[in-house]
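S.K.: If you want the building blocks of each chain, they are given just below.
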Amino acid sequence: MLEFLVAIIPVFVASVVECVEAWTVVVAVGLTRGWKAPLIGVGVALAIIGTLVALFGATLVDRIDEQVFEVVIGTLLVLFGVRWMRKAILRSIGVVALSDEHVRYRKTLDALGNEREVRAFDWAGFSIATKTMLLEGLEITFLVITLGSSGDASYPVAISGAILAFVVVGGAGWIARAPLANVPENTMKGFVSVMLTTFGTYWVAAGFGVDWWGGTWALLYLFVVWAGAMKVIELWAARPYREALGARSHHDEKEVA
Amino acid sequence: MDRIAAGLRTAVQELWALIVDDWFLAAGAMAAIGITSLLSRTDTPGTGDLTGWLLVAMVLASVAIAVRRAVTAALPTEDTST
Chain A
1 MLEFLVAIIP VFVASVVECV EAWTVVVAVG LTRGWKAPLI GVGVALAIIG
51 TLVALFGATL VDRIDEQVFE VVIGTLLVLF GVRWMRKAIL RSIGVVALSD
101 EHVRYRKTLD ALGNEREVRA FDWAGFSIAT KTMLLEGLEI TFLVITLGSS
151 GDASYPVAIS GAILAFVVVG GAGWIARAPL ANVPENTMKG FVSVMLTTFG
201 TYWVAAGFGV DWWGGTWALL YLFVVWAGAM KVIELWAARP YREALGARSH
251 HDEKEVA
Chain B
1001 MDRIAAGLRT AVQELWALIV DDWFLAAGAM AAIGITSLLS RTDTPGTGDL
1051 TGWLLVAMVL ASVAIAVRRA VTAALPTEDT ST
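So the sequence lines, in the order shown, correspond to chains A and B.
For the first sequence, position 95 (counting from the first letter as 1) is numbered 95 according to the working numbering, and the numbering increases by one without interruption.
Heads up: take any position in the second sequence, counting from 1, add 1000, and you land on the working numbering.
Bound conformation, chain B alone:
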């Protein structure tokens, strides 16, 4: 039983690592898809492909913020030891 549980845990971890490199980015993309799903249910006539462009914009914003976060985290810090 323990071996099965350990195997399942490893499989889930592998799958998670395949998709999620940065939780913030994955959460942002999923939120964008969730919002698109809600917007598509309102079914407003005449909106054409506006909902699609909103999805693109939201996913794009998630990528931009995730990249900026990684860059900020990698910025060289001021050396105060001297």
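Looking at chain A on its own, in the form it has when it is part of the complex:
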């Protein structure tokens, strides 16, 4: 038993780190855009990884260039992230109406007399969840193959450690979703945009060979930098807009008087 624990712990701990990264994105996307699409995305990513492992087995490590994969997925996450960040800032300033998608959805639903569900499948939520889970899942697979073949742990032990980490972290995320659901929608969308941009820039740079100081811990300080920068951009861009609105209302008041 002790031998089993000693063998499983390194795989479990290493897999937890990767699972936290993947599940954080999935939970955040689920909270802001609904659960169906990101959960299907998780299933699709797991199916792809399962197929690759079944086809190539342990030679998978030599067949996939992880750095190219990081650049491609990182680029897509940056594009999604900056798009959401721009919109979250504009909502916060007041340039774009809060929750405009929800208003549009309600209007469409009302127009159709609530007879049928009009919301199309959320491809953005699906795509983000699939990509993130695929990248992290492949990293865990590489870990399992490396540790499983190196003699530190047998394949069944390494696979058990990875599955345990996936279930524990996924369960924790599922429990945390209820309190997180009370966070205002635009705040949550801003948080997701910061997270996507953080992961995106981290992976793109890592794919180009950048060694971030602190390794994976760089995600934490990059997150702080992106969150702070988002607030600064909001304050900087809001000023002329609010000044113009203030001048306009002052002008209107004078005309009425």
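Possibly wrong hints are sitting among the right ones.
To list a few chain B residues with every Cβ distance to chain A over 12 Å, as calculated [as the list claims (entries may be wrong)]:
| # | residue |
| --- | --- |
| 1 | 1005 |
| 2 | 1006 |
| 3 | 1049 |
| 4 | 1069 |
Taking beta-carbon pairs under 10 Å as the criterion, some of the chain A residues facing chain B (in silico) [as the list claims (entries may be wrong)]:
| # | residue |
| --- | --- |
| 5 | 16 |
| 6 | 17 |
| 7 | 96 |
| 8 | 175 |
| 9 | 206 |
| 10 | 210 |
| 11 | 211 |
| 12 | 212 |
| 13 | 213 |
| 14 | 230 |
| 15 | 241 |
Hint data in this document are derived by calculation from the structure and do not stem from the laboratory.
Beta carbons are placed, not taken as given, at the ideal position from N, Cα and C, and that holds for glycine.
Starting from the structure of chain A, add chain B where the hints point.
M.R.: Positioned in the frame of chain A, the structure of chain B alone reads:
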């Protein structure tokens, strides 16, 4: 054949709309990634994670400019009709 072409066109448009909300922002982010790729090839020793920070700075600048552009476009214009 026309139906296939129309289907492909719709698929590309859907994909484009998923990623690109503001062409300026998407172009800025892609340019930042392209420049990072070029810089990483020079492989100067001792630069550490400087290339990564340059990428962050460039993407950040793209977001700031894109937000400012949208705010400027939404500014209320002076009413000259009276």
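S.K.: Against the earlier hints, flag every one the structure doesn't satisfy and list their numbers going up.
M.R.: 3, 4, 5, 6, 8
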